[in-house]
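The task is simple: from the sequences and hints, build the whole structure.
For reference, the chains in residue letters:
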Amino acid sequence: MSPIFYLLAVVTLAGALATVLLKHLVHCALAVTVAFAGLALLFLQLDAQFVGFAQILVYIGAVAILVVFAILLTRGSDLPKHGVFSSTWALGLAIAAAVFAVLGWAVIASTHGIPQQDNVPSATAHDIGIALVGRYVLPLEILALLLTAATIGAVIVAMHEKGKQQ
Amino acid sequence: MLGDGILKGMAETARNFFGSYVSKDRLTTVEYPEERIPTAENARVFPFLVYDGADWEAGLRCVACQICEKECPPKCIYIEKSADKKPDYVGKPQFYPARFDIDISVCMSCQICVEVCPFEAIKMDTQFELATDDRFAGLLEDREKLAKSNEYYHSIHPTEAAEVDARLAEEKAKVEARAKAAAQAAAAKASAPASASAPGAAKPSAPPAKNEGGS
Amino acid sequence: MIVAFEAANSFSANLDQIFIFLRNWLVGFLPAAVQPAAAVVLDVIAIVCVFPGLFALTTVFERKGLGRIQNRLGPNRVGPFGLFQPIADGIKSLTKEDIVPLSANALVHFLAPLVLVVTVFMGFAVLPMGRNMVLVDMDSGLLFFFAMGAATELSVFMAGWSSRNKYSLLGAMRAVAQMISYEVVLLLSSVAVVMISGSLSLPAIVAAQNQYSGVFPHWYIFTPWGLAGFLMYAIAATAETNRSPFDLPEGESELVAGYHTEYSGFKFALFFLGEYLAMFSISGLGTTLFLGGWSAPFSFLQFIPSWFWFFGKVMMSIFVFIWMRGTLPRLRQDQLMNFAWKFVLPFTLLNLLVTALWHFMGEGWQRWVVCSVILVAAYALMGTISLRGRHIGRRSYRYAE
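Residue numbers (the working numbering), protein chains in the order written: chain D, 1 to 166; chain S, 1 to 215; chain R, 1 to 401.
No lab work stands behind these hints: they were computed from the structure.
As the structure is a computational prediction, the values presented were derived from the model and not from experiment.
Accuracy of the hints is not assured; some may be wrong.
Claimed, not checked - Computed Cβ-Cβ distance ranges for the label pairs, DEER-style:
| no. | chain 1 | residue 1 | chain 2 | residue 2 | range |
| --- | --- | --- | --- | --- | --- |
| 1 | R | I87 | S | A43 | 35 to 41 angstroms |
| 2 | S | V22 | R | A39 | 45 to 51 angstroms |
| 3 | D | L46 | R | R390 | 50 to 56 angstroms |
| 4 | D | V58 | S | D25 | 53 to 59 angstroms |
| 5 | R | L357 | D | A18 | 47 to 53 angstroms |
| 6 | D | L138 | R | L357 | 22 to 28 angstroms |
| 7 | S | L2 | R | L357 | 22 to 28 angstroms |
| 8 | S | L2 | D | H24 | 44 to 50 angstroms |
| 9 | R | L114 | D | A149 | 37 to 43 angstroms |
| 10 | R | A39 | D | P3 | 19 to 25 angstroms |
To be verified - 27 angstroms max Cα-Cα, derived DSS-like pairs, lysine-lysine:
| no. | chain 1 | residue 1 | chain 2 | residue 2 |
| --- | --- | --- | --- | --- |
| 11 | R | K96 | R | K64 |
| 12 | S | K75 | S | K145 |
| 13 | S | K70 | S | K86 |
| 14 | R | K64 | S | K8 |
| 15 | S | K85 | S | K172 |
| 16 | S | K86 | S | K174 |
| 17 | S | K85 | S | K180 |
| 18 | S | K8 | R | K342 |
| 19 | R | K64 | S | K24 |
| 20 | S | K75 | S | K85 |
| 21 | D | K23 | R | K166 |
| 22 | S | K85 | S | K148 |
Where a beta carbon is used, it is the ideal one built from N, C-alpha and C, also for glycine.
In structure tokens, the structure reads:
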């Protein structure tokens, strides 16, 4: 538990809290980007280079941009009139606490089974690549199908809009 | 083939780039104020007054007729006639301008003053580097600043100046001829009463004199 | 990894490693505990000094180069041949008033140029600028570089949105759309190189190209797939850094100044710096991936230091950027996007297939012929299809009656 880990944890949590607490939607989107960056740095601190950089590339470079585009294109940037907190916040808090408890129990219970290792398992891009086309080739192909379907759907949606305009 | 337009364009710009170091027509910049393009002969900027000879006051052609002041569209000329007269280039006594001011911040270089002047006294100059930081007095040119010699006029507008000089010389010659003829006539008249008793002797002497005056 | 260097003589070897020796000598003055950190700090200082210095030089070369292309002189008053012009520009940027619009989002408006410059500087950390001259030798160096490029887009959006100006926002949206589209092309054309060299680490990619068969080097640009990949990388790099002909986001005639309309003074200078540094870093990556990085073009030229070749190639790329800017008109937004998704991207995917074919066909002349034929035929076919029905004939005039 190095000081860097604490610093990164604080940054991530601050970003996440700002996301849910800020009023202006674009500020929230930028705060969630900070949370993504904190997560990426945590991955890098654990020496998972590929995942860390992929997190930056995909989440900050694409997902965050997507979120802000969605906000801007749907007039979501108007400030909400009645505040950002819903009236049923107590129930929401209870459910969130329950989920957190389940996840925490799952994490702690799973670490008992792993023997203490001093050497960090290497997960270079090469290993990930070999695993993807070796052991995990079926999920890879299903993901590819999913992405193709999404792309075709986007094209069809865009085409239909053009048809309606004409 | 797709992309050949881009390659042709790149070749042209490369030719421009390297050509600008070697040939003059690929680098047409004139680095003002170190280099200047020579002005055309009929360029015009602001008017000036022409004087003949060495003394600008004595040789000033302007006779303060005030035609240019009346014809100037933005009314940038201000003339004050003198009280006395001085002889002009043919010797006839004429008025001269005691004050002749042109406000060049108002002047629009239309050349109308030049076109209407009957005495070839005001012509267009070609100097344009007249910027000053004195907004009012610095752009009001008086008689002394405006007076420039006929040699200067020849240097900036040679063809025009030559034509003007030819015309003026012709005028002068005509006036002189008339004066001579008048002098001959006066001389004839003076000798006529003396030989009034002998009109036949005067008559034969008159035609040869007239003939001499006429040639 | 430290690359050993067998040079013709030790003088060229010393010259090649002169910056390393300099750094080690300077660090030697400090106590041993601080030395690794101090070495890194010195490297960072070197990068922070060299690249903005190159940026200053590039601004004046660009203006003079564009001027000569346009039959005029560039700036030539400040210093000999105008070479001190960047100093004048720098003083101007520093002394101009920093105007922030009243309704602008002050924090985001302030952070946008910072985010841009920081992420662009981070990209320099993985470029091998000479033998043993890479700041951080990461195993996934290429991925790190692209991650930093992706973060750049966010700063563009922040700048445009926080200005509360419809021209800025429009410019920012266009810029982000363009950058995302061409990012895909950039990545896919680099993947071909990764496939052949087998590593994401940039020094390893350079080492794979640093071999010579006879006199000629093994640079990837001298292979059919490498040439195609390099051309597409160059197109994508021009679009990523918002350079002409893809500079619609900052097109002065359309959008005032796009996403940096509301920036003045030093913040604008930071945007300008960020754009040019992005140009340098993407040229540096292109050099590393396709042009052999710091390796010499002929085997007998290896006595010239490696850093000279790297920076020479980067400056040649910058010169080509300037040349393209002076030659081509601006592309419209829909033309840009069509070009990316309908032409360049399919070609990039085809290039990946051809690269795989190249790898699996093994050594020999057959793979050269097959790969070249496939790529040229595909290019000609796509060119014919896209040019069909587009007659650019003689200009016809209709006069008013």
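Tested hints:
no.	hint	result
1	I87(R) - A43(S): 35 to 41 angstroms	39 angstroms, holds
2	V22(S) - A39(R): 45 to 51 angstroms	49 angstroms, holds
3	L46(D) - R390(R): 50 to 56 angstroms	54 angstroms, holds
4	V58(D) - D25(S): 53 to 59 angstroms	55 angstroms, holds
5	L357(R) - A18(D): 47 to 53 angstroms	50 angstroms, holds
6	L138(D) - L357(R): 22 to 28 angstroms	26 angstroms, holds
7	L2(S) - L357(R): 22 to 28 angstroms	23 angstroms, holds
8	L2(S) - H24(D): 44 to 50 angstroms	47 angstroms, holds
9	L114(R) - A149(D): 37 to 43 angstroms	40 angstroms, holds
10	A39(R) - P3(D): 19 to 25 angstroms	22 angstroms, holds
11	K96(R) - K64(R)	24 angstroms, holds
12	K75(S) - K145(S)	19 angstroms, holds
13	K70(S) - K86(S)	23 angstroms, holds
14	K64(R) - K8(S)	22 angstroms, holds
15	K85(S) - K172(S)	19 angstroms, holds
16	K86(S) - K174(S)	21 angstroms, holds
17	K85(S) - K180(S)	23 angstroms, holds
18	K8(S) - K342(R)	24 angstroms, holds
19	K64(R) - K24(S)	17 angstroms, holds
20	K75(S) - K85(S)	26 angstroms, holds
21	K23(D) - K166(R)	22 angstroms, holds
22	K85(S) - K148(S)	21 angstroms, holds
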